[in-house]
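Colleague: What follows is each chain in one-letter form.
Number of protein chains: 2
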Amino acid sequence: MEVIEDIIKILKTKQTFVLTTHIHADGDALGSLLALGLALLNNGKDVVMIHSEPVPENYRFLPGAEQVIMVQDLKEKEGFEVGIALDCTDLSRVGDAEQLLQKADCIINIDHHISNEYFGQINMVETEAAATGEMVCGLLVKGGFTITPDIATNLYTAIITDTGSFRHQNTTANCFRTAAYLLECGAAHSFIQHNLYEQRSLQNLRFMVNVLQTLSINENGQIAWMTITKDISTEADNNDSLIDYAKSLKGVEVGILFKELDSGEIKVSFRSKSYVDVNQLAAHFGGGGHERAAGCSIKGDLKEVKQLVIRKTEEYLAKRRAAE
Amino acid sequence: MEVIEDIIKILKTKQTFVLTTHIHADGDALGSLLALGLALLNNGKDVVMIHSEPVPENYRFLPGAEQVIMVQDLKEKEGFEVGIALDCTDLSRVGDAEQLLQKADCIINIDHHISNEYFGQINMVETEAAATGEMVCGLLVKGGFTITPDIATNLYTAIITDTGSFRHQNTTANCFRTAAYLLECGAAHSFIQHNLYEQRSLQNLRFMVNVLQTLSINENGQIAWMTITKDISTEADNNDSLIDYAKSLKGVEVGILFKELDSGEIKVSFRSKSYVDVNQLAAHFGGGGHERAAGCSIKGDLKEVKQLVIRKTEEYLAKRRAAE
Chain A
1 MEVIEDIIKI
11 LKTKQTFVLT
21 THIHADGDAL
31 GSLLALGLAL
41 LNNGKDVVMI
51 HSEPVPENYR
61 FLPGAEQVIM
71 VQDLKEKEGF
81 EVGIALDCTD
91 LSRVGDAEQL
101 LQKADCIINI
111 DHHISNEYFG
121 QINMVETEAA
131 ATGEMVCGLL
141 VKGGFTITPD
151 IATNLYTAII
161 TDTGSFRHQN
171 TTANCFRTAA
181 YLLECGAAHS
191 FIQHNLYEQR
201 SLQNLRFMVN
211 VLQTLSINEN
221 GQIAWMTITK
231 DISTEADNND
241 SLIDYAKSLK
251 GVEVGILFKE
261 LDSGEIKVSF
271 RSKSYVDVNQ
281 LAAHFGGGGH
291 ERAAGCSIKG
301 DLKEVKQLVI
311 RKTEEYLAKR
321 RAAE
Chain B
1 MEVIEDIIKI
11 LKTKQTFVLT
21 THIHADGDAL
31 GSLLALGLAL
41 LNNGKDVVMI
51 HSEPVPENYR
61 FLPGAEQVIM
71 VQDLKEKEGF
81 EVGIALDCTD
91 LSRVGDAEQL
101 LQKADCIINI
111 DHHISNEYFG
121 QINMVETEAA
131 ATGEMVCGLL
141 VKGGFTITPD
151 IATNLYTAII
161 TDTGSFRHQN
171 TTANCFRTAA
181 YLLECGAAHS
191 FIQHNLYEQR
201 SLQNLRFMVN
211 VLQTLSINEN
221 GQIAWMTITK
231 DISTEADNND
241 SLIDYAKSLK
251 GVEVGILFKE
261 LDSGEIKVSF
271 RSKSYVDVNQ
281 LAAHFGGGGH
291 ERAAGCSIKG
301 DLKEVKQLVI
311 RKTEEYLAKR
321 RAAE
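Taken in sequence, the protein lines are chains A and B. Our numbering applies: residue 1 is where the first sequence begins, and numbers increase by one. Our numbering applies: residue 1 is where the second sequence begins, and numbers increase by one.
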C-alpha cells in the first residue's frame, strides 16, 4: 500500500502533470489516461494528456478524448513536475512522448502487465489486475478523488475492453465490484455498449464474412485456421477478435489466422483454448506472446507458410498426446 | 422483504419439493432451477427437479443437470408440499409439468419478468432483477444456505446468459456484485465460458456465414435485414444472436431477421438500437414483445412479406423523423 500512498501524496501536492499511454492505444490505455487526467483537472491541477498518435476513431466517444494532444502539437515541452505512464510495460511504449516524459522531475508507472520493466521512480504494478483502469479506480477511491460520471465511463470502458466484457480468464471478483461501483458513480452503460459494439461498418462486416469463409479444419479437428489474403484485406479489417471464431469451434484446441502483408511476410496469430502453449509455437518461428495468445511473422509464400505452420502445430499436438 | 422471509420459512420447514422452469429453457431458467434444487438437497430435503423437455445439450454442463427428470419419467406424482416455478411468467410456461405443480399444497413463483401473472400462493417477482438467478442468489444468502461451487456455477451462468455477458441494458450494479460474490464462492468461470462460447459446431458457423451473406440495408442505412431461407436452414441454426450483427452496424436503428418456416409462414424478428419501439411494429403484424426486441409470424410469400415489413418499418421511421 506504500506505493499507492506515495502516488496519492504526489497527486495531491504537485501542480503540473503530463500523462500518457502506449501506442496503438486500446480502451484500457485511453480510459485509464482520461480517467486520471480528468480527476486531476477536477482538482485544479495543470494537466496535459499527450499521445504519440491521434485517438483512434472508435475511442473518440470517451469523455475528455478531445483534450488528448498529439506530442508534436504541444507548445510547452518542459517543466512538468510529474510524468505518468499508464498501461505501459516500458517507456519506449509511449512512442514520441518518451522524451517529454523523461524531462519530468519524477516518472510514475501505473500498469498491470507481467512484463512491466519498472521504469519509473515510482512503480505501481499490479499483475493480478485485469485492467490498468481497475487500478486507477482503486487509486482514486483511496485518494478520495470524486469519481464523476465522465471518469466512471472511462474506467468502465477500460475494464470492459481488457476483460472482453468479463469473458476472459483475467476476470476477477474485484473487476465485478469495481464495475458495480462505477455504474453507481454514473458510468454510461448503454452509451458505452453502443459505441463499443454497435458502430461496425458494413465493409468490416463483409470483410468478416470473407475471412470466415476461408475457415479450414485439420483432419482430427484440433486445428482451425483462416486466411486474410491481400485481395480480401481492407482498411476496415479491425480483425482482433476474428481468430476467436476459429477457437470457438467444438474440439478445436488451436486457432490460427494467417495474414498476407504487403512486405511479403505472412503474419501468423495463434490462440489456444486450454492446454497448448502457443507462445512456444510462435517462438519456434521467431515470434512470441503468451500461453494462450501469440504471434509471429514469416517470410515466404502463403501456401508454404500455411503448410509449415500447420504441420508444426500438428507435431506439437501429437507430442502432447504421446506425453499423456 | 416479507415475501422472501415467507419463502425462506417454507424452504426451511417443509420437506418435499418439486421444482421446475419454463419450456425452451435457457441458462437463467436451468441455472436457477439447479441452484435452488441443489441448495435444498444439500439441506436434506426431498427434491424433485422436473422439466417438460430434456435439458438442452448446450446446458448439460451445468452441475446437477443430470438430476433433472422429464415429467413422464417421474413415478410418484403426488404428495409434494411445495411446488416452485422458476423464471416463468405464467403456469402454462412450465409445459407438461403444470398439472404436477398444481397438485402441490403451495406454489411459489420466483421470476423477474414484467409480464408475470402472479400465479403462485407466494409470488417473489422482482422486475428490476436482470436474471431469476440473481434473485435466487439473494434468497439463498438471506436464508443462510451455503453457496457451494456447484450452486455458484449455476447462478453465475444464469446471470451471464440473461445479461448477454453484462452487455445488455438490464445489467445493474447488483448483477456485478452478485457475480463477484459467486466467483468468490467458487463459480467455475473458465469452465462456464468454455461451455457457453467455445462449443460451436462447424455446421453452425457455416450457417452463420450463409445468413450474414444475405445482409441487406435500405437506402438511408437505418434498416438492415437478413434472411434464413429454407435451403440454408439447418438443425444447428441456434440463431438467437444472429440478428445482433444487423443491429451492430453503424447508422442502423432496426435489425430484422426473416425466417422461412415449414408451415408456410415467415417468422420475423425485430431489434432496435435506441428509439424505435419494435413491439408496436410487431403488434401491427399480430406479434409482440418488448420495445427493443419483438417478433411476429406472417403468412405469405417470402419476397412479399419482406417488402411489406421493410416498407412498414420505413414508414414508422419516417413518422418518427417527421415528429421530431
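Don't take each hint at face value.
Taking lysine-lysine pairs in the DSS-like style, the calculated list, with each CA pair at most 27 Å apart, reads [stated by the list, open to error]:
| id | chain 1 | residue 1 | chain 2 | residue 2 |
| --- | --- | --- | --- | --- |
| 1 | B | 306 | B | 250 |
| 2 | B | 230 | B | 319 |
| 3 | A | 230 | B | 250 |
| 4 | A | 250 | A | 319 |
| 5 | B | 306 | B | 230 |
| 6 | B | 230 | A | 250 |
Pair by pair, the computed Cβ-Cβ distance ranges are [unchecked claim]:
| id | chain 1 | residue 1 | chain 2 | residue 2 | range |
| --- | --- | --- | --- | --- | --- |
| 7 | B | 141 | A | 3 | 29 to 39 Å |
| 8 | A | 283 | B | 213 | 47 to 57 Å |
| 9 | B | 220 | A | 263 | 35 to 45 Å |
| 10 | A | 57 | B | 9 | 52 to 62 Å |
| 11 | B | 244 | A | 307 | 34 to 44 Å |
It is worth saying that the hints were derived from the structure and are not from the lab. For clarity, every value in this text was computed on a predicted model and none was experimentally measured. By construction, the Cβ of each residue, glycine as well, lies at the ideal position given by its N, Cα and C atoms.
Colleague: Please go over all the hints and tell whether each is borne out by the structure.
Modeller: Do the hints match the structure? See the list:
Between residue 306 of chain B and residue 250 of chain B the alpha-carbon distance is near 22 Å, which keeps this suggested pair within the 27 Å criterion. For a cut-off of 27 Å, the pair hint linking residue 230 of chain B to residue 319 of chain B is broken: about 34 Å separates their Cα positions. Using a Cα cut-off of 27 Å, the hinted pair residue 230 of chain A and residue 250 of chain B holds, with the two alpha carbons roughly 25 Å apart. For the hint linking residue 250 of chain A to residue 319 of chain A, the alpha-carbon distance of about 21 Å falls within 27 Å, and the restraint holds.
Restraint check: the Cα-Cα separation between residue 306 of chain B and residue 230 of chain B comes to about 15 Å, which is no more than 27 Å; the hinted pair holds. A hinted pair counts as satisfied when its Cα atoms are at most 27 Å apart, and residue 230 of chain B with residue 250 of chain A qualifies at roughly 25 Å. Residue 141 of chain B and residue 3 of chain A have their C-beta atoms about 35 Å apart, which keeps the hinted 29 to 39 Å range intact. The hinted window of 47 to 57 Å between residue 283 of chain A and residue 213 of chain B is violated, with their beta carbons roughly 38 Å apart.
A hinted range of 35 to 45 Å holds for the C-beta pair residue 220 of chain B and residue 263 of chain A, which are about 41 Å apart. The supplied range of 52 to 62 Å is met by residue 57 of chain A and residue 9 of chain B, whose beta-carbon atoms lie about 57 Å from each other. In this structure the hint that residue 244 of chain B and residue 307 of chain A lie 34 to 44 Å apart at CB holds, the actual value being about 36 Å.
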